[in-house]
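Chains as they are written, first to last, in this note's numbering: chain V, 1273 to 1370; chain C, 338 to 586; chain Y, 133 to 633.
I should point out that these hints are in silico values taken from the structure, not numbers from a laboratory.
Every residue, glycine too, gets a C-beta built ideally from N, C-alpha and C.
Be aware that a few hints might be false.
[Said to hold, decoys possible] The list that follows gives simulated cross-link-like pairs (lysine to any residue, SDA-like), each with its CA atoms no further than 20 Å apart: (1) K346(C) x L1319(V); (2) K394(C) x R292(Y); (3) K504(Y) x F576(Y); (4) K386(C) x K504(Y); (5) K346(C) x G1325(V); (6) K346(C) x L1351(V); (7) K341(C) x V1344(V); (8) K382(C) x T335(Y).
[Unchecked claim] Cβ pair distances, simulated, as ranges: (9) L536(C) x D406(Y): 22 to 32 Å; (10) A333(Y) x V371(C): 27 to 37 Å; (11) I546(Y) x S532(C): 49 to 59 Å; (12) F357(C) x I514(Y): 50 to 60 Å; (13) D546(C) x N543(Y): 29 to 39 Å; (14) L137(Y) x V578(C): 25 to 35 Å; (15) G389(C) x L137(Y): 27 to 37 Å; (16) G167(Y) x L453(C): 57 to 67 Å; (17) L460(C) x G167(Y): 41 to 51 Å.
[Unchecked claim] Interface residues of chain Y toward chain V, partial, derived using beta-carbon atoms under 7 Å: (18) L299; (19) L303; (20) A317; (21) W551.
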Amino acid sequence: MTQDLLYNATGIALFGIGVFGAIVAAHIIRKLIALNIMGIGVFMVLLATARHGEITDPVPHAMVLTGIVVAVAGTALCLWLTLRIRLLDDVNEGDPQR
Amino acid sequence: MFTKLEFRKREANRRELPPFAVYALGFVVIVLSVALMFSVVVSGKAAPKLAGLAAEKLEASGVENPVTAVLLNFRSYDTLLEIAVLLIVAIAVLPARSSNAAGVAHFCSADKQDVLNPVLAALLRWLVPLAILVGGYLLWTGAYSPGGAFQAGAVIAGAGVALSLAGRHEFLWHTTAARIVINLGLFVFIAVALSNALLTGTTLQYPVDYAGMLILVVEIAATVSIAAILLLLFTELKAMVDAPREGRQ
Amino acid sequence: MISSLALSLLPLTVGLPLLAATVCAMTSARRWCVGTSVVFSLLQLITAIMLLLAIQDIDADEPLRYSLGGWGAPLGIDLVLNGLSTIMLLITAVLVVILSIYSIGYFADNAKAARFWPLWWLLVAGLNAAFVAGDAFNIYVALEMIGLGAVALIAIAGTRTALMSALRYALVGLLGSLCYLFGVALLYRVYGTLDLVQLAAATQAGPITWASLALVSVGLLLKTALLPLHFWLPPAHASAPPPVSAVLSALVVKASFYLLIRFWLEVLAPATTDFAMNLLGLLGAVAILWGCIAAFRTQRLKLLVAYSTVAQLGYLFLLFPLVAASDSSPNLSNMAVTAVVYFIIAHALAKAAMFLSAGDIQLFNGHDTIDKLQGVARAQPIAVLTFAIAGVSLIGLPPSGGFIAKWLLLNAAIDSGHWVWVIVMLAGGLLAAVYIGRVLNVAFSQTTAPTPTTTRPRTSMSCIGLSLALMAVLLGFNAEWILQLANGTGESSVPGMGALK
């Protein structure tokens, strides 16, 4: 029970830190890291849910695995967009409109 | 919100909100987190209904590892859509097909003239096959114990990353071979799902006798695609990171 | 017999677009992509019509379910088909056929076409998956498909504005889906199932259910762009290529709204309160007024159309206070739901038409600054006509579909005695007339004809936009038929969605 609480508290704290960071930070990489921390918070809660004494529920584990893949995909797409914008800016260096 | 996005290093510490709003937000987040914690503490936890069900049906699933059974049989639809999510990102990142005879080119070519450091070359000669072997093992063992397509794909992608970082090999993503490798996972998954519909009458329902084998086929295809897509993301993003630096020199 | 056969087609609503996507992604030759897309969009339309016939045929009280893999909920994943989801599938299929034909002409460039077609089909697969989903976690994956697919499609435009707004959309989308996922994780922890129907049966009001409802709602509201969370929508919808803008405004935001309806009126209904419902309505009302004013003040045509989407989404949220007000009479809440369904269809057609015409005007003039569009009506009569007809439906003038939708919504508000909403709706209509009138006024002003850029949109492509606008009007003439269609479509377990009965 204590273990369960500890996992949940950590998960919720990570989620909260992530939300705070995602809203406050202006830098895209910081925002992305914050979003990934949020994701880890959710996964912690799911892992705590999976454990029932000796029995382990496989469904939350599968959800976490799927969640990780989706998080990788989302992060990669955001990084790609950031780099595209940076490349465009490098080409138009000194352009006042950018 | 989300309006003053920055990506230059010198702006790393910039904030989107004025200081008082930052403190207010921090306070709100703490209060909400505590409230959330409270609601989790006061409410119980449901009995592991699904754990029992999964254990009961495990025998009919074709694999012995319950997590793999959930991922590739009980809830395989989620995994199908998950591979589709990866494919979305892969297609967005995939470089355009160039007009020259790209169809003939090999997916992985070692034509670059760079001469490798002999120690590095020897290490790669060991490391890459080893990583592929480990990937294969992870894929195979996923049926019995922790492991599976994503883990295997990640390790094999690691082998590709090592190759591309060493500098001698180049992955040509505009080739037809690359496109097929990237799509293989989703295509085989759908093909198996639809052929299942013909065999058993229900989409994604494996015939019990062939379940293990069909799952392995789906997993192998998924591993290939996952490895390729992760490698694609790495090499393409790295090329974009390097591009402006080369331009300035 | 026919209906059970048709029901077995349910997985195809997701399977067909996915198959089309892989085929397009593998060949990457434009010719093949176009052929595949035409065939698959027609197949999808046929599937949607078969499903509609099937669900009309059955008068079961329960929605139709399809257990993927044969396991059945809670271990497996079920697909669910009810009246509302059938209508969403049908409008998606219709729009996909029309917008695909438009995109054949628009994406003539090989490199862009090779990227567009697979992403297009993956987005459609995500939309259909969300409409037929019967499982809370499955909805999360579907939402990510929709979100990332939409982002990747916006990025095809390739301009800095498009990339920047796509990036912002992606970040907001990730934030939203993680909030949603946390809500689902908590629900699973307490109720031990992910199946929506089983969750609906098990839910009780309590701190954890409120917490889940709040998290799920924030996630979905971010994606639906209800007023304080709408900041990402106008630039994203305005900078995408026209067919993508059309599908974003017509369907993508509606998908998360559809899920909101399911969670608020069905799955977590016991945890909702009248206060929360009224709050959503209030935000919707502010969105109507603010969206119209922002649309009037903006300088760019596509931004104007995008702000108009913010306003029109506001109308949808009036559903919640109307349902809350009609607690005692299911008749009234049925009326509200029918009105909103009708509104979704009318807005989808009109807004898609409007974005296509705005795209044409931008392509022709090389810009879309409204003040510089003088005399564009003479140069591009079809595009301006499309804009005007779609505008009639958005304002809600008879005989358009928009008129019927607003009239139904007004009736529901009047019958429940909520005069505030009535005033807001009438004001919204007037303000819409003002901002659409502003564009038409400039377009018809008598000056020298504008100097066109080299690219001239093909007349056949302009006509596709016009056909969409005409469909939005015809919807008004065929109101009875559509309502009957809606009424005949089986009863669902949703109070109010039985509406569709």
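Going down the list of hints, with the structure as the test:
no.: 1; hint: K346(C) x L1319(V); verdict: 36 Å, violated
no.: 2; hint: K394(C) x R292(Y); verdict: 52 Å, violated
no.: 3; hint: K504(Y) x F576(Y); verdict: 12 Å, holds
no.: 4; hint: K386(C) x K504(Y); verdict: 65 Å, violated
no.: 5; hint: K346(C) x G1325(V); verdict: 47 Å, violated
no.: 6; hint: K346(C) x L1351(V); verdict: 15 Å, holds
no.: 7; hint: K341(C) x V1344(V); verdict: 24 Å, violated
no.: 8; hint: K382(C) x T335(Y); verdict: 13 Å, holds
no.: 9; hint: L536(C) x D406(Y): 22 to 32 Å; verdict: 51 Å, violated
no.: 10; hint: A333(Y) x V371(C): 27 to 37 Å; verdict: 31 Å, holds
no.: 11; hint: I546(Y) x S532(C): 49 to 59 Å; verdict: 56 Å, holds
no.: 12; hint: F357(C) x I514(Y): 50 to 60 Å; verdict: 53 Å, holds
no.: 13; hint: D546(C) x N543(Y): 29 to 39 Å; verdict: 59 Å, violated
no.: 14; hint: L137(Y) x V578(C): 25 to 35 Å; verdict: 54 Å, violated
no.: 15; hint: G389(C) x L137(Y): 27 to 37 Å; verdict: 35 Å, holds
no.: 16; hint: G167(Y) x L453(C): 57 to 67 Å; verdict: 46 Å, violated
no.: 17; hint: L460(C) x G167(Y): 41 to 51 Å; verdict: 48 Å, holds
no.: 18; hint: L299; verdict: 4 Å, holds
no.: 19; hint: L303; verdict: 6 Å, holds
no.: 20; hint: A317; verdict: 5 Å, holds
no.: 21; hint: W551; verdict: 38 Å, violated
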